[in-house]
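Asks: These two chains come separately, so use the hints to put the complex back together.
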Amino acid sequence: GAVVSQHPSWVICKSGTSVKIECRSLDFQATTMFWYRQFPKQSLMLMATSNEGSKATYEQGVEKDKFLINHASLTLSTLTVTSAHPEDSSFYICSASPRDKSLYEQYFGPGTRLTVT
Amino acid sequence: GEDVEQSLFLSVREGDSSVINCTYTDSSSTYLYWYKQEPGAGLQLLTYIFSNMDMKQDQRLTVLLNKKDKHLSLRIADTQTGDSAIYFCAESRGGKLIFGQGTELSVKP
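Line by line, the protein sequences are chains A and B.
Residue 174 in this note's numbering is what sits at position 101 of the first sequence, and the numbering runs on without skipping anything.
Residue 695 in this note's numbering is what sits at position 62 of the second sequence, and the numbering runs on without skipping anything.
Certain hints may be false.
With a straight-line cut-off of 27 Å between C-alpha atoms, the simulated DSS-like cross-links for lysine-lysine are [unchecked claim]:
1) K669/B <-> K701/B
2) K174/A <-> K669/B
3) K139/A <-> K93/A
4) K128/A <-> K93/A
5) K700/B <-> K669/B
6) K689/B <-> K669/B
7) K137/A <-> K114/A
8) K139/A <-> K174/A
9) K139/A <-> K87/A
10) K669/B <-> K114/A
11) K689/B <-> K137/A
12) K741/B <-> K703/B
13) K741/B <-> K114/A
14) K689/B <-> K729/B
15) K729/B <-> K741/B
16) K137/A <-> K703/B
17) K703/B <-> K689/B
18) K729/B <-> K139/A
19) K700/B <-> K174/A
20) K93/A <-> K729/B
21) K174/A <-> K741/B
22) K700/B <-> K128/A
23) K741/B <-> K93/A
24) K137/A <-> K87/A
25) K703/B <-> K669/B
26) K128/A <-> K139/A
27) K93/A <-> K137/A
28) K114/A <-> K87/A
29) K741/B <-> K669/B
30) K701/B <-> K729/B
31) K729/B <-> K114/A
32) K729/B <-> K700/B
33) K729/B <-> K669/B
34) K174/A <-> K703/B
35) K114/A <-> K139/A
36) K701/B <-> K689/B
If you're looking for bench data, these hints aren't it; they were derived computationally from the structure.
Quantities reported herein were computed from a predicted structural model and do not represent experimental measurements.
If we strip away everything but chain B, and leave its shape as in the complex, we get (with noise of 0.2 Å):
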């Protein structure tokens, strides 16, 4: 298909590690990012990898990518209940980004 897609929840407990899958669809998408929501505001760009990369790791962030698979994961280490937002997954795709359908992360105390 066309769409980019990510499950809708996902709910951890602090301090925990949250995994947030994605599939997207185009192979030859140069750049794979990872962007943040929180209520009411715009997106916060967390991290992006290059395709030619199978793992980026920036602090508490890691991204996984499967290229054969089309998969893009995002993990975050230690999530705290600042981390609890709507995630984006999105791809390069001739001149524009193409978004996922977001994962909201619920973190409870």
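Just chain A, with the same shape it has in the complex (with noise of 0.2 Å):
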């Protein structure tokens, strides 16, 4: 049980187009995902908070114009990455928290890398 997912898995994209990544918790509902980045070698650093029906909490220096997220659904999450540049290129991943759960108690999609050329 408690299985994210994410799609797509990797994708390269031109630089001033927009990408957009799904989260989804397949088999719990998730009342708040979260929006992870890391780069190479390091942490992973959470970009925003994103809960079932109301606007995401983005943390400070996230820039929220450029890193959409919409979370219409308990089960799905997307964040768009708008007029991606190079410097956007990074592994994203996401994670859930069950409904009846705490919010530390969250399960991790295996991540997106995304290639801006």
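Replies: Pasting the structure below:
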């Protein structure tokens, strides 16, 4: 149980285009989902916390107009990187917290590798 | 400081025990976690410990918590080549998980 999927697993896009990444909880409902960014050989940096049906809460320094987060249902959150630039290339990981559990009980997706050329 | 700190690398021989250390910052953290990340993959929860515990054992894994020193360790007994990965400790803080920078464990046959 507690499986989280991400799609796509990797994507290459041209500079200036937008890319959407999906995060799904497959066998549980998630009131809260988290989006992280990870650079090579580095830790996970929390970008934003998204709650179903409300606006996401972004961490300091994360541009909300560039990283659009939508959490339209209890099993799906999407991250759209708008007007992507090479510096947005990174590994993006989502996690989901079951609705009847602590926020700290998070299950992670396999990640999406974004390369902007 | 505000960072969760770990040593970056650890190399052991197959069959030896591995001990990965972590120093966290928030004495009010309720839970402390250990995650494993294999190359190109997401994070897998290995184990966690509640802050009122000193030790937790789960098969080959032993977690030790020293609240006074804010020190957390993960011991892997009989380390196998399949244990080679990056290990992250994380503390719970303000509704979020704060991760260390990860310890890369290399297991040599």
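Asks: Against this structure, judge whether each hint is valid.
Replies: Do the hints match the structure? See the list:
1. K669/B <-> K701/B: The hint holds at about 26 Å.
2. K174/A <-> K669/B: Holds, because 21 Å separates the two Cα atoms, which is no more than 27 Å.
3. K139/A <-> K93/A: 12 Å, holds
4. K128/A <-> K93/A: 17 Å, holds
5. K700/B <-> K669/B: Satisfied, since the Cα-Cα distance of roughly 23 Å is no more than 27 Å.
6. K689/B <-> K669/B: 17 Å, holds
7. K137/A <-> K114/A: 25 Å, holds
8. K139/A <-> K174/A: 30 Å, violated
9. K139/A <-> K87/A: Holds - the C-alpha atoms of K87/A and K139/A are around 16 Å apart, at most 27 Å.
10. K669/B <-> K114/A: 14 Å, holds
11. K689/B <-> K137/A: Cα-Cα ~40 Å, so violated.
12. K741/B <-> K703/B: 31 Å, violated
13. K741/B <-> K114/A: Judged against 27 Å, a Cα distance of about 20 Å means the pair holds.
14. K689/B <-> K729/B: 23 Å, holds
15. K729/B <-> K741/B: The hint is violated at about 35 Å.
16. K137/A <-> K703/B: Since the Cα atoms of K137/A and K703/B sit roughly 34 Å apart, the hinted pair is violated (cutoff 27 Å).
17. K703/B <-> K689/B: Within the cut-off at roughly 16 Å; holds.
18. K729/B <-> K139/A: OK: K729/B and K139/A at ~22 Å, within 27 Å.
19. K700/B <-> K174/A: Distance of about 24 Å is within 27 Å: holds.
20. K93/A <-> K729/B: 24 Å, holds
21. K174/A <-> K741/B: It is violated: about 39 Å lies between the C-alpha atoms, which goes past 27 Å.
22. K700/B <-> K128/A: 36 Å, violated
23. K741/B <-> K93/A: Status violated; Cα separation ~40 Å.
24. K137/A <-> K87/A: 21 Å, holds
25. K703/B <-> K669/B: 21 Å, holds
26. K128/A <-> K139/A: 15 Å, holds
27. K93/A <-> K137/A: Holds, at roughly 14 Å.
28. K114/A <-> K87/A: Answer holds: K114/A to K87/A is near 25 Å, not above 27 Å.
29. K741/B <-> K669/B: 18 Å, holds
30. K701/B <-> K729/B: 22 Å, holds
31. K729/B <-> K114/A: 21 Å, holds
32. K729/B <-> K700/B: Given pair K729/B, K700/B holds - Cα atoms ~20 Å apart, limit 27 Å.
33. K729/B <-> K669/B: 18 Å, holds
34. K174/A <-> K703/B: Distance ~25 Å between K174/A and K703/B Cα, so the pair holds.
35. K114/A <-> K139/A: The given pair, whose Cα atoms are some 24 Å apart, holds under the 27 Å limit.
36. K701/B <-> K689/B: 17 Å, holds
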